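This is what each chain is made of:
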Amino acid sequence: MTDAVVVAEGLHKSYGDTPVLRGVGLTLHRGEVLALLGPNGAGKTTTVKILSTLLPLDGGSATVAGYDVVRDAAQVRRHISLTGQQVALDLKATGLENLTMIAKLSRVPRRQVKARVAELLDGVGLADVAGRRVATYSGGMRRRLDLAAGLIARPRVLFLDEPTTGLDPRSRRDLWELVRDVVAGGTSLFLTTQYLEEADELADRIALIDHGVVAAQGTADELKRRVGQARVELDLADAADALRIRTAFPDIADTASDTSAASPTVALATDGSLAHVRELIAGVESTGVVPASWRLREPTLDDVFLTLTGHAAHAPDAPEPGTTITQEKAA
Amino acid sequence: MTTTTTTTPRLAGLRDALADAATMAGRSLRLASRDLDAMITATAVPVMILLMFTFVFGGAMAMDIDYIQYATPGIILLCAGFGAASTAVAVEQDMSGGMVDRLRSLPTRPWTVLFGHVAAALAKNLVTTGVVFGVAVAIGFRPSAGVLGWLGAVGLLTLFVAAIAWVAAFFGVIARTPDAAAAVSFVVMFLPYVSSAFVPVDTLPTWLRGFAQHQPVTPVIETVRGLLVPGTPGAVVGDQLGSTALVAIAWCVGIGAVFAAAATVAFRRRR
Ligand SMILES: Nc1ncnc2c1ncn2[C@@H]1O[C@H](COP(=O)(O)OP(=O)(O)OP(=O)(O)O)[C@@H](O)[C@H]1O
Ligand SMILES: [Mg+2]
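For the protein sequence lines, the chains are A and B, in the order given. If you use this note's numbering, the first sequence corresponds to residues 1 to 331, in order. If you use this note's numbering, the second sequence corresponds to residues 332 to 602, in order.
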């Protein structure tokens, strides 16, 4: 494939005796957004670090912008930029100083540094606070500045590792807007996220990663199609009811959701046609189970995850301590 | 990308590396200048030690002249030890935060990042040493060096501070916590105490004498003392000064080179 800007094949990586990547294969095409979607500890950051030349691999191979990440690491670094999971900013420096430094290190021609930095500060909406120290910025402002730092070099491939973890919904949307602008400018984006919604919003293609393996790859629609067109979701009284429904519909009932909960929900896959839905409702009635409520809905990526990996994607809303924004050490 | 290559690639690479080194030095200096706590500690502690040695212990040291003439060069070296702690901590912060990943994913060479910290260490030491020196003169230190003596002393001290800064950078790279990084100063500061910094080596217990005579700090102190205050008892003079100076320079260059290389390799490898 000639237009692939990232190709990873059979990536293996262990920390000590613990295998973290167990044969990750991925492709990112030019101008495309690929979301590597997976829960905590799935291996997203490890994959990004290998592709951005920060970690050696134990097995497999990868090329980025046509260069081998091991043999031609220096070349790779000329064509990528990385905005990692941890914010990489000097808190005691101002926003302007931070970006100016990265611009110089990114080989922006000296005479263009000032203009480029101003353009980016404006682009991320931080022009007004550019002269303030980053220590005084909110988490969202730091994320935006960090993203701007990643964009300075106009990279061919941009890696964003969980760019919106820990942000409020509003800041998350702002950041998505920014990312869309960047991609419209021709940059190929390799994004990791644990938010299904984020992958759905931003990505052309999604790779589901779980326990160091890519469980499925495709567009959001393709992935959804693999789990049925729609679902009838039943809110039930107890586990016994859930078991009865599952027994009655062994092929189409989801089996991974937690039925020990106080009021379990069981989903039945359907093509969404009136005839099939009517048939399902009749089937439910014949079991004697009376759902507290029910609905017909489109499949979500949650369903995809549940079906393809056997467990929920589980994206906790609260950021993990230490994984998002570094706290300032004593001022 | 944006590189304008009008010269050969090798020259362009060198030019980029030097530009990066300057950028990183500017950054480290800026950050250090905004870390007043560290600056004050690195200045106040050596000043206090100076005052203590002069007014409290000074009387107990049986010497013909003012003890301050003898001890000041050693205390100036102690400044480098204190400065080392903040250098190591600054490097450790780069390593444990997200910064190291960004820097390593850029075309920038690893040594330029560490060089930035070393350059900042030199600048910081210029300030702290200046203050300590000023206090020493205020309470009676009277150097009697000529221009050449001054140049030599400043040059050797600069070399010494740079060597210690590379040691600190190495500790910063391999340390996993700021506290561990700061511990470098204990190693570095221990050496002056077991040298001729505060008492002549031949007054030390025999079992320490061998170490004191052959460790790196002693020739540096003896050279600085010989250059700045040649009249002090025990100061090396004449031909002996020349050979002591050579030993001192060799130590500084050797330590600097070994730790610069080690720090750079560790920076590239650490993850
Ligand atoms: N330096 C390390 N040493 C040992 N184990 C590590 C190291 N870094 C990561 N791991 C382990 O590797 C696994 C994958 O980690 P990774 O950071 O790639 O996950 P992730 O998908 O990015 O998770 P998150 O969403 O929490 O960021 C985890 O189980 C983690 O504990
Ligand atoms: Mg991660």
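Just so you know, the hints here were simulated from the structure itself, not pulled from any lab data. Hints are not guaranteed to be accurate.
[As the list claims (entries may be wrong)] Here are some, though not all, of the chain B residues that point toward chain A, as calculated from beta-carbon distances under 8 angstroms:
hint, residue
1, Arg361
2, Ala469
3, Leu572
[Stated by the list, open to error] To spell it out: a stretch of chain B is covered by chain A in this simulated footprint if at least three of its residues, at any positions, have a beta carbon under 8 angstroms from a beta carbon of chain A; those stretches are:
hint, segment
4, 362-373
5, 417-430
6, 433-439
7, 451-464
Nothing here was measured: the structure is a model prediction, and the numbers come from that model. We put the CB at the ideal spot given by N, CA and C, even for glycine.
Hints and how they fare:
Below 8 angstroms, beta-carbon pairs count as interface contacts, and Arg361/B has one with chain A at about 6 angstroms; its hint therefore holds. Using the Cβ-Cβ criterion of 8 angstroms, the hint placing Ala469/B at the interface with chain A is not satisfied: the shortest such distance is roughly 32 angstroms. The restraint placing Leu572/B at the interface with chain A is violated, with a minimum CB-CB distance near 43 angstroms, outside the 8 angstroms limit. Figure legend: the segment 362-373 of chain B, annotated as covered by chain A; annotation consistent (4 residues with Cβ-Cβ distances under 8 angstroms, at least 3 required).
Counting residues of the segment 417-430 of chain B whose CB lies closer than 8 angstroms to any CB of chain A gives 4, so the stated coverage by that chain holds, three being the minimum. Check result for the segment 433-439 of chain B against chain A: holds, 7 residues qualifying (beta carbon to beta carbon below 8 angstroms, three or more required). Counting residues of the segment 451-464 of chain B whose beta carbon lies closer than 8 angstroms to any beta carbon of chain A gives 0, which falls below the threshold of three, so the coverage claim is violated.
Figure legend: structure checked against the earlier numbered hints; hints not met, in rising order: 2, 3, 7.
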